[in-house]
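**Q** Here is what each chain is made of, one letter per residue.
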Amino acid sequence: MARGRPEIDIDRCKGCALCTEACPQKILEMSIETNNQGNSYSQCIDESKCTACTMCAVQCPDSAIQIYRIVQEAK
Amino acid sequence: MSKTVLMKGNEALAEAAIRAGCTHYFGYPITPQNEIPAYMAKEMPGRGGCFLQAESEVAAINMVFGASGAGARTMTSTSSPGMSLKQEGLSYLAGAELPCVVVNMMRGGPGLGGIAGSQADYFQATRGGGNGDYRSIVLAPGNVQELADLTVDAFELADKYRMVVTILGDGYLGQMSEPVILPEPKVNPPAKPWAVSGNKGRKPNQVMSLRLTPEDYLEKHNIHLQELYSNVEDKEPRAEQFLCDDAEFIIVSYGTSSRIVRKAVKQLREEGIKVGLFRPITLWPYPMKELNELSKKVQKVLTVEMSAGQMLEDVKVAVNGLAEVDFYGRLGGAVPESAEIINIIKGYR
Amino acid sequence: MEEKLVYTKPESLTEGKTHYCPGCGHGIIHKLIAEIMDEMDIREETIVVAPVGCSVLIYNYLNADGIESAHGRAPAVATGVKRVHPDKIVISYQGDGDLLAIGTGETIHAANRGENITVIFVNNAIYGMTGGQMAPTTMPDQITKTTPYGRDVADVGYPIRACEMINTLAAPVYIERTSIHDVKNIRKTKKAIKKALTNQKEGKGYSFVEVLSTCPTNWGVNPVTAAKWVETAMMPYYPLGVFREEKEKV
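Chains as they are written, first to last, in the numbering used here: chain A, 875 to 949; chain B, 9 to 357; chain C, 121 to 370.
Derived by calculation from the structure, the hints in this document are not laboratory data.
All values derive from a computational prediction rather than experimental measurement.
Among the hints, erroneous ones may be present.
Claimed, not checked - Ranges of calculated distance between the beta carbons of each label pair, as one might list FRET restraints:
1. Glu123(C) x Arg210(B): 34 to 42 Å
2. Gln234(B) x Thr128(C): 39 to 47 Å
3. Lys900(A) x Ala199(B): 54 to 62 Å
4. His232(B) x Gly270(C): 43 to 51 Å
5. Glu321(B) x Asn342(C): 52 to 60 Å
6. Thr908(A) x Val341(C): 20 to 28 Å
7. Ser10(B) x Ile228(C): 39 to 47 Å
Glycine residues also receive a C-beta, built at the ideal position from the N, C-alpha and C atoms.
Using the sequences and the hints given, assemble the complete structure.
**A** Pasting the structure below:
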């Protein structure tokens with residue numbers, strides 16, 4: 875059950891791949907496609923596993939990742 | 009009420025700077041200007057200013073860069089070898105268009121040289137030893153009163169044009185004591201909205217000389233600087249003409265040399281020889297037009313300086329072939345003799 | 121189900137992309153400074169002094185007043201600025217050459233005077249801007265453009281440890297070395313810089329934070345490998361930690 879999701883600005887991403895190492899869930903991978911700068915970009919391959927730990931965003935040198943945390947509605 | 013006091017040149021300059029609104033002084037000890045930092049160290053704390061002895065002349069000029077960039081009236085002082093160290097900083101100040109006053113009390117060179125006064129930094133001051141196409145205003149006091157008065161002018165000119173203003177004195181002027189009426193200027197520095205001061209209520213300011221793209225940016229900036237310098241060349245040249253009106257020969261000299269020339273001129277006049285002293289007070293912008301006009305009326309122009317012939321080159325440009333240009337100089341801090349000057353002029357007849 | 125934005129680009133970082141290489145540590149450190157400027161609400165009272173090096177354009181990336189300095193002279197420029205505006209936050213941000221080669225004199229003396237400024241030293245063991253020459257912090261045997269056969273300590277000496285050197289002076293109030301090679305250490309770096317800026321805000325004195333950083337391009341490796349190299353090659357020589365932390369103004 876997803877607890878959050880990363881929103882990645884693919885044109886801001888420089889393809890350094892540091893986020894893929896940082897993610898404890900290992901749900902970030904570099905794309906095969908390229909962005910408008912000609913480099914691969916980071917993409918989340920399984921949002922259901924995201925815990926909104928923000929580690930990928932903290933690691934990112936280019937502020938290319940925003941993190942949303944899912945706020946559960948009270949039942 | 010202004011009264012006359014007896015003061016050492018270096019100290020009169022420092023006192024005038026404080027009165028002119030200098031709030032931040034950064035310097036490093038070097039003979040023959042050590043009275044300036046000593047005076048500032050004693051006076052600044054009690055008068056709301058900042059004195060800081062920097063770790064080197066390089067550090068001092070960069071502290072000036074910071075204080076000027078932050079909007080303050082700031083200055084440093086040194087002597088010839090220290091002025092060499094400051095060249096990088098002067099280029100950066102010019103590129104960033106930061107106002108400041110830099111004092112060089114010249115001594116003999118090259119290298120470590122000597123500690124007596126000399127005039128061998130004329131090229132360094134007026135041609136600029138730092139990199140790039142830039143100019144700084146150069147003022148040449150001829151006595152202790154001018155050391156004080158021109159210091160006040162220096163701060164005004166620096167702020168008016170956002171330029172480095174160099175006060176080019178020498179060891180003799182700095183060390184001599186003369187009567188002086190200390191200036192009491194109205195201190196009203198212009199607003200400096202471009203300075204770094206925290207960007208509350210405005211967009212951030214950037215003080216820098218780096219402009220990476222040649223055509224788009226750096227060339228435009230240089231064209232702007234050249235227009236600024238043209239404007240200064242139009243408006244600010246200054247010179248004194250002493251007994252030049254009917255002169256057949258004129259002697260061009262500045263600073264300490266000019267004092268000896270003045271004595272020689274007076275003596276020659278007593279003997280009926282029509283000679284005058286043309287004394288530039290701004291070395292940049294050099295009073296080209298004024299000297300050129302004067303050259304039309306005279307037979308010969310003698311240049312006297314304590315160097316191997318540096319101002320001589322500007323004299324030749326100004327005279328532009330209208331009269332014969334001759335030169336008498338002493339080197340390494342040796343002082344020209346009025347007897348020698350008198351002989352040379354007598355030899356022209 | 122609603123979602124809340126919990127991590128985004130700080131306000132004090134400008135919008136555009138930086139010119140830094142992929143994986144460069146500068147991007148991370150600039151971001152941390154910007155986050156702290158937001159959190160401490162000091163954006164409008166901060167003046168950043170830029171060095172000469174890759175981060176020469178830092179004033180384009182931080183949303184605050186910026187002033188350039190000649191190579192190595194940033195602590196002197198910062199001194200000039202701070203003496204004019206003692207109530208503003210003045211940050212001197214410098215690399216290896218700026219702080220430990222050409223600027224050694226200015227570095228030591230601003231620290232020795234205890235100027236109430238914050239110096240952030242980005243140590244990536246190489247000269248990045250000029251294409252990868254030896255720095256005073258280059259490791260023994262490390263290959264650079266000016267040590268193509270590896271740094272020969274018999275010829276050019278050993279790397280310099282900045283924190284340890286500054287720790288010999290009486291005036292500094294806070295000296296720490298951190299790293300940005302992984303998230304745990306990035307968070308520690310943020311704490312350190314925040315402590316340093318808080319010290320300045322409280323008028324405590326001179327603070328120095330050395331951050332071990334990466335230069336993938338000039339080290340000739342990819343960013344992920346570069347981050348690992350900080351841990352394996354740099355940290356044993358440059359130990360992380362607090363060297364000094366005075367509680368009161370010295």
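**Q** Could you run down the list of hints and mark each one as holding or not?
**A** Verification of the supplied hints:
1. Glu123(C) x Arg210(B): 34 to 42 Å: The hinted range 34 to 42 Å holds for Glu123(C) and Arg210(B), with Cβ atoms some 36 Å apart.
2. Gln234(B) x Thr128(C): 39 to 47 Å: holds, 46 Å
3. Lys900(A) x Ala199(B): 54 to 62 Å: holds, 58 Å
4. His232(B) x Gly270(C): 43 to 51 Å: holds, 48 Å
5. Glu321(B) x Asn342(C): 52 to 60 Å: holds, 58 Å
6. Thr908(A) x Val341(C): 20 to 28 Å: Since the Cβ atoms of Thr908(A) and Val341(C) sit about 21 Å apart, the hinted range of 20 to 28 Å holds.
7. Ser10(B) x Ile228(C): 39 to 47 Å: holds, 45 Å
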